[in-house]
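Chemist: One letter stands for each residue in the lines below.
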Amino acid sequence: MTRYLLSRTAQALLVLLGAYTIAYLILYLLPGDPLAILLNAAGRDIDALSPAEIAEARRFYGLDGTPLERYFELLWNALHGDFGFSASKNAPVAQLILERLPQTLALGGLAVAFSIVEGVGFGYLAASVRSPVLARFLARLPAFGVSLPSFWLGLLLIHLFAFTLGWLPAAGNDGFRSLILPAFTLSLYSAAIYAQLLIRGLEAASREPFIVTAYAKGLTRGEVQFRHAFRNAALPIVTLVGLQIGNTFSGAVLIETVFTRTGVGRLAEEAVLRQDIPVVLAVVTLSAAGFVFINLLVDLLYPILDPRIDHASKG
Amino acid sequence: MVDDSRSELSTARLRLAAGRAALGRSLRPSLRGAERLGHLLRRPGLVLSLAILAFVFVAAAAPTLLTSYDPYLTVPADRLAPPGAEHWFGADEIGRDLFARIVHGSSLSVQASSIAVGIAFSAGLVLGVIAGFAGGWTDAAIMRFIDVLLALPSLLLSLAIITAIGFGTIPVAVAVGVGIMPGFARTTRSEVLRVKTLPYVEAARLGGASRARTLLRHILPNSCGPVIVLATLDFGVAIIAVAGLSFLGFGAAPPAAEWGTLIANGRNFLVTAPWLSLIPGLFVMAVVLAANHIARTLEDGRP
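Chains S and Y, in that order, give the protein sequences. Residue 1 is where the first sequence starts when you use our numbering, and the numbers rise one by one after that. Residue 1 is where the second sequence starts when you use our numbering, and the numbers rise one by one after that.
So that you can see chain Y by itself, here it is in the shape it has in the complex:
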């Protein structure tokens, strides 16, 4: 249903075409270490983005490194305490430290988003490579399937999956992953189609390389640049989608709290303690901005 000009548009904002060759270039060790560091320091936005993602991944892997508070410890005296020296981000309605809850919540949110992107990446890669490499009827069948998935708004597709398989961090991750998979399949396919006709691929075939070898050694490594950019960009999309679904109450069961759940909990105190939902939201936004910024940098190919 979506013809070629449209499919280009749907990914136009990614400007993948431009970044394609550039990514390959940036990965080449053309710059020496010190020179690279100098380049990096001249881009404060990139440094900040990398720092934010590093913080989040450390928080997800080892939350106790970043906060000494127990996220489940209730201190009635600190009920709805505003942000300050003792509670950096304030405390919630039963006196739990909000910073600790955000840091500990990272592991669930990052886990869910990574699984989602992993599912979308691998399923999309397989479908896209098969479609692009096989061509003909196989290609047509797979792409019509992708078109049909695209006709279902991704949030509603996720909701249908959650209705069927139940609530929790993993179902939310699967639901989000299936929702963003079509984009990966499309991007991979168009890359494989592009690389397939390049002279060195034809040369490899003429030189006697098998189909499998051409695919694995020549086509795949040269097609994955834009797919990696898309994965970075979709990590941000997945963070928002996971937060949205856990905001609606489909995520992990309490007292564990993903970022979306924290925002939802703070809703009841929007008048008396607005920071309870506004600060976790700012946090989500910072992570998404960081992922987008890194994706754009990869795309432009300037390290």
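So here's chain S without its partners, still in its complex pose:
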């Protein structure tokens, strides 16, 4: 088990290093001249600067030296929590992110909770209805959920619940009430995916011999559904939640913009608009780190949730 844990952790760190490297290659090597972009983001024109000033700016943004030296320097700094200096906001990137992170974590966390409750609740309900017509109808509903552009759903909800009914605030970071609409908007896509998987899983489980056995020993339909079918069908959802968390949090870029909230997503959107390279690199790296960490956690928890999986014997 220890061996599995170590190799799995090492793997996760390698993937993270790879993700950082790809983000670095895209952001620092793809543009013709990163310095021109950064100076532009800072509101200065590269043509108006003297060679000495350009050299100084190059040093300031860590753009002196070869690309490889720069890569290791940025990586070394990032490992020490220093993500450089934002060109457009004129502040350290780490500080900008730390200020906004709690808002995004609250939004994303609530959205993940919502999506699990909605997805599992709906999937369970859809698979439990007895009327075949209703069951067919319910099983098709999640397809609409995955076809909805989330930002548009956000606008629709604002129109309905904020402007027409006046129940909830339309925008802002003002306490729990302002979180409900954005979190629900963000949760719907993942919820629809969980529901689809659960409906299929419950359907497949219902044909298993152990379900027949459970009925044969006299359990009621509800007991069989919950204790036998659901427990088997729910396991893949755990993995899927891990995979979807990255999408849920990155969806905050759109949702925080729609609901004009301050958060890391909004920071990323503004950074892309201004082509503020260090901020984008930091946000991308952090989200990859979160994704890798959550999936590592899911993998390590799996043997506990499903005793049939025994990693010790494999390694």
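In case anyone wonders, no lab produced these hints; they're calculated from the structure. Worth double-checking, as some hints may not be accurate.
[Unchecked claim] Below, a sample of chain Y positions facing chain S; criterion: calculated Cβ distance under 8 Å:
1. P153
2. A164
3. I263
4. L278
5. M285
All C-beta atoms, glycine included, are put in the ideal place defined by N, C-alpha and C.
Using the hints, position chain Y against chain S.
Modeler: This is chain Y only, laid out in the frame that chain S set:
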């Protein structure tokens, strides 16, 4: 990082495995024309989906066929006119006809989504075929690269690419294409791996066919079914992603307007003229639903 059971899960919703053989079957000319038409008419959902996609592609290719309004013509008197006989979908804040703007916007949105799927399809196909066919170290290296791409949420990967190469329809298309490419590589690889061991492929090799010939004549044609299903499904995904990025303001420069840009413009009039952003959104949703429905039909193999 993502082991096999997980990779299966990530594509589980596609149910590709089930559709694999079926697609090949559906392409066989086993049904006569009239019979086919009869089958089609019994599936109104499919007919509607095909009609929606046809409408969108016609709108993209020849927008003037569908609307006589000029999308850039401002009529101050019709400012924020509600949907009605004269302006089917209403008019925006400077009196431009919304239906005309959606129809004309189709060309940018469809173009961007098609380029995105094209990039993802071709790059994914090449990587997947090389990985699956070569095996060994090559396979391991390519698949680790794909795993790393999958660790970057696709929206953020797209944002990084846009930061580096700038704004506009083409950069958005490239960014979305790279974001959805890993799925194609994975699906192609698993198909090639499956087909590679089938008896007829071995027979071809034993019969003296070269590696290249086996690949081109036997493995590729038999592996592309699920990849085509995925391409159809990802056309819908690409439409949403492109709309999202142009909603954020990274798409074509005004006055040209992709669907996402139209939704974003309507935001400021959500109280007085909600249709300005709600109708383009409904339109996007209809197109995505249509693409998904066709993908599911291909997957089930029932024409």
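Chemist: Minimum Cβ distance from Y:M285 to chain S below 8 Å?
Modeler: holds, 5 Å
Chemist: Given Y:P153 as an interface hint, is its Cβ closer than 8 Å to any Cβ of chain S?
Modeler: holds, 4 Å
Chemist: Hint check: is the beta carbon of Y:L278 less than 8 Å from a beta carbon of chain S?
Modeler: holds, 6 Å
Chemist: Would you check whether Y:A164 satisfies its interface hint, that is, whether its CB is within less than 8 Å of any CB in chain S?
Modeler: For Y:A164, the interface hint holds, since the closest Cβ of chain S sits about 4 Å away, which is under 8 Å.
Chemist: Hint check: is the beta carbon of Y:I263 less than 8 Å from a beta carbon of chain S?
Modeler: Holds, about 6 Å.
Of the numbered hints given earlier, the model fails none.
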